[in-house]
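Asker: Same order as they appear, the protein sequences are chains A and B. Reading the first sequence from the start, the letters are residues 1 to 554 in the working numbering. Reading the second sequence from the start, the letters are residues 1001 to 1428 in the working numbering.
No wet-lab data here; the hints were simulated from the structure. One should not assume that every hint holds.
Stated by the list, open to error - Computed cross-link-like contacts, PhoX-like style, restricted to lysine-lysine with a CA-CA straight-line distance of at most 25 angstroms:
hint : chain 1 : residue 1 : chain 2 : residue 2
1    : B       : Lys1340   : A       : Lys139
2    : A       : Lys242    : B       : Lys1304
3    : A       : Lys468    : A       : Lys181
Residue strings, one per chain:
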Amino acid sequence: MNAFKAIPDTGTQAEQQAWADLNIQAERLRPLHLAELFRADEQRFAGFNVTAGPLLLDYSKQRVDSLALEKLFALSDSADLRGWIERLFNAETVNNTEQRAAMHWALRVPADTELKEPVEGVYSDVQSQLDRMAAMVDKIHSGQWRGMTGEVITDVVNIGVGGSDLGPLMVSRALNDFAIKSSKSLGIHFASSMDGSQMAQLLQQLRPQNTLFIVSSKSFTTVDTLYNANTALAWLERSLGKCAGLMHCHFIGVSSKPEKMSEWGIHRENQLQIWDWVGGRYSLWSCIGLPIALRIGMEGFRQLLAGAHLMDEHFRSAPWASNLPVLMALIGVWNTNCLGINAHAILPYDGRLEKLPAYLEQLEMESNGKSVNRDGELVQLHTCPVLWGEVGPNAQHAFYQLLHQGTEVVTCDFIAPALRYHEARHTADAEELVSQHELALANCLAQSRLLALGEAALEDEGELPHYKRYRGNQPSSTLLLKELSPFSLGAMIAAYENKVFAQAVIWGINPFDQWGVEMGKKIATETLGVIRGEAAAAALDSSTRGLIDFIKAQ
Amino acid sequence: MHIDLYGDTLSALVTAGSLASTGHNVVLRMPQGRVRQQIIANKAAYSEPGLRRLISSGHTSGRLVYGDFDGLPGADSRAVFLALDTDESALAEKIVTRLSQVRERSWLVVNQSPFAVGFTEHLENLLRTDGVESRRSVVALPDFLQEGTALDGMHKPPQIILGCNDGYAELLVKEIFRPFNRDRDHFLVMSPREAEFTKLAITGMLVTRISFMNDMANLADSLGIDIESVRQGVAADPRIGPAYLYPGVGFGGPGFSSNVINLVDTLDASGVGSSLLNQVIEINERQKEYLFRRLWQHYHTDLKGRTIAIWGAAFKPETGRIDNAPIIRILEALWAQGAKVRVHDPEALPALLERYGHHSGLHYASHPYAAADGADALMVLTQWKAYWSPDLDRLRKGMKQPVILDGRNMYDPAYVREHGFTYYGVGR
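All chains should be built: construct the whole structure from the sequences, respecting the hints.
Answerer: Okay, here's the thing in structure tokens:
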């Protein structure tokens, strides 16, 4: 078991000192209510916001002041954050348990870059795969990707799970307004769950002749994905017959393992490659993003990459005080380690971002849900908090009760675009829709205000009964986008990715592995044998045996 | 009668030439462009049988003269015809507005152009500017010309649909068309809106018959039935009749497709929409790729490096036009799969050249057998007379693979197969 300490006795002298200093600040700030901080400084917003590209981060509703920030910056320095950022971007082996670099950032380096390649050929490999993907996108958009009978492909199903599902799903939903004309009639669907739920539904509504499957799996061994893919293959074969043309016409594979794709039957021409050095949850920028490109076109996809690249450059070069991802990271560290808050809610005030909470749950919790440091020792500090979320206005009718009046302290990220519905395609209904957007924005700002200030936000309410009181002091950040576009979304996702890396550096952990998800897969294989009656149940615990008995009795 | 006619469409030329041939004095006002140049040079602007001679003899007689498109009709002009293209409605507005500005003058405008339903009324509103008391009206006279037999259609019309709300205008139009209205009264008079809609409904009905037969052909395919026998059986029913029952690789042409689409647009804009016509068009578009699908399956979904011969680019025989013709979709599909194409057509190669220029995947063949040289398959897309009875032995010798895809069911499958060919028809 981890023994948690306010000041860890691992790490350098400087780090321990930085933690000690921070604890003093925490002692000082803990009793202060956010309402008091705002009262003490009329211009608090001016000192506690930062912009980067199309993003504005307001962290004035966090329980920090400039002195605490200074100590947080000192902590970053003591943890050699600057050095680690350079190590990341120089393709050093930052993923120590798997002995490799993490180069998702290389996926968004533009073709005409003047940046030096840290590993020879990486940028041109990336561009050549993007070009191959562009050719496929073009063929599908122009109605020239043919099924086995020569019919035009009208529906594409992305089969993948985790990073091969959440990223493409989240982004293509978010950017649906940017769908290009020729993709309007193209159906893009996602199947991820291993129980086949989505698959079962899709197969009922789609026609085999017109359906193309993208099998996306970094390792191409993911059971969930392969089971879904096998179901798809059998479905196609039942109506189109078994033949080589079927694989050629109806399957695209995206993986870092070409030989595994070939083994499964993916035609060489239809194989898109990713690389070992990109983690699944960081892979939407690669050919894993094919469904995104199918939705918004290659130009839109390159905009998404450009936004992310802008954020990478910002992350590498900006001083801590104006570095948006680093500030997000340090605020998180402060809340988790100094204020002891272990829950964090993601609250987008834009229905298009409905999958963002799920996406960030994976990004943050799979990356930083670790309790062993880079040296293999148990960490003495809490790491990633529990993340969850929901589209804000809908969550207001669900768990906001707990945020306002529950016993748990929760930090929140409010996310919203400033502009919406100003594009030409909305002109007909613009007026009504704009007023709906204004309503959402008003709610976003009102909720974060009430959470921060509590009743103090309401001047003339007088004495309230206990059950109507709002204690406030719930810290939150607000992330505004100029508008939700491929470029700004790219920048925002990259900001979160870089935040996660910065936090991992401070906590001394490796954010790029996920050993915690391995063992379960192995045990499931054994359990499957028992459920199917192929193996003896004797070795199992009584709970599992009991459950299996119930299942088999049905 | 003195008549002015604006436009350079097939309908413009046929009307102008035919009216001049019966004694009317016609000023044909064509916009600058290829058609005008050809006509003035006494060349054929459309490969419509008899049209060049009609125009040229009208011109020789002095009753057909060429005027300025931007000019106004002379003082003795009694009727102004508009025979413009679907997409030239703005030009029609401009012409009518100019007429309206001539004060104290009566105008009869006859709109033959396939614009949206209601457009004739709209033109009449433009013509009747405030305060003008002179007699002015715009009538709708939709054309029912079929390319290839346009002159016959003009001279012996089964019916003349006139959309007209004004008794005097009706008399005048009937007077103009008296020479073509001899054996009985062919005029059906209704409101302009009804006339415009009738034209669209007729087109819609015809293409529905074709798409229906194509749909049947697709079913016949999967049931191993020869659609040709079925077609003859269906055509024998007097309630149905034989016209427009031929399955094939889809209908095209400037009139046919755009009119149908026009009809669908008209309905969609009014919020009603015709789900039947949408289906009809969808079936037709799918049908245009029918032969491609057969070929794709024949070569096991790989056409890279194959050479495909095509006989017939025109959307139908006796015309050189390729507007909405099946060849357009076929070419794009074949190129997208890395195949090369060799095309022959007696009339339509210039139109093809104009559209695609010198394309590395396209060879323009001057002779049908030259097109088939070294080809992995031959597709027949237009039933030109010259294609009906090919020398199969000669064809086979020239081709790399003896495969015939007959998009118009012109050949006898058994006979073709006897000569060593693999034969694919539509629904057989």
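Asker: All hints, please: hold or fail.
Answerer: For each hint, the structure was consulted:
1. The suggested pairing of B/Lys1340 with A/Lys139 holds, with an alpha-carbon distance near 17 angstroms, which does not exceed 25 angstroms.
2. For the suggested pair A/Lys242 and B/Lys1304, the alpha carbons sit about 22 angstroms apart, so the restraint of at most 25 angstroms is met.
3. Restraint check for A/Lys468 and A/Lys181: not satisfied, since their Cα atoms lie roughly 51 angstroms apart, outside the 25 angstroms limit.
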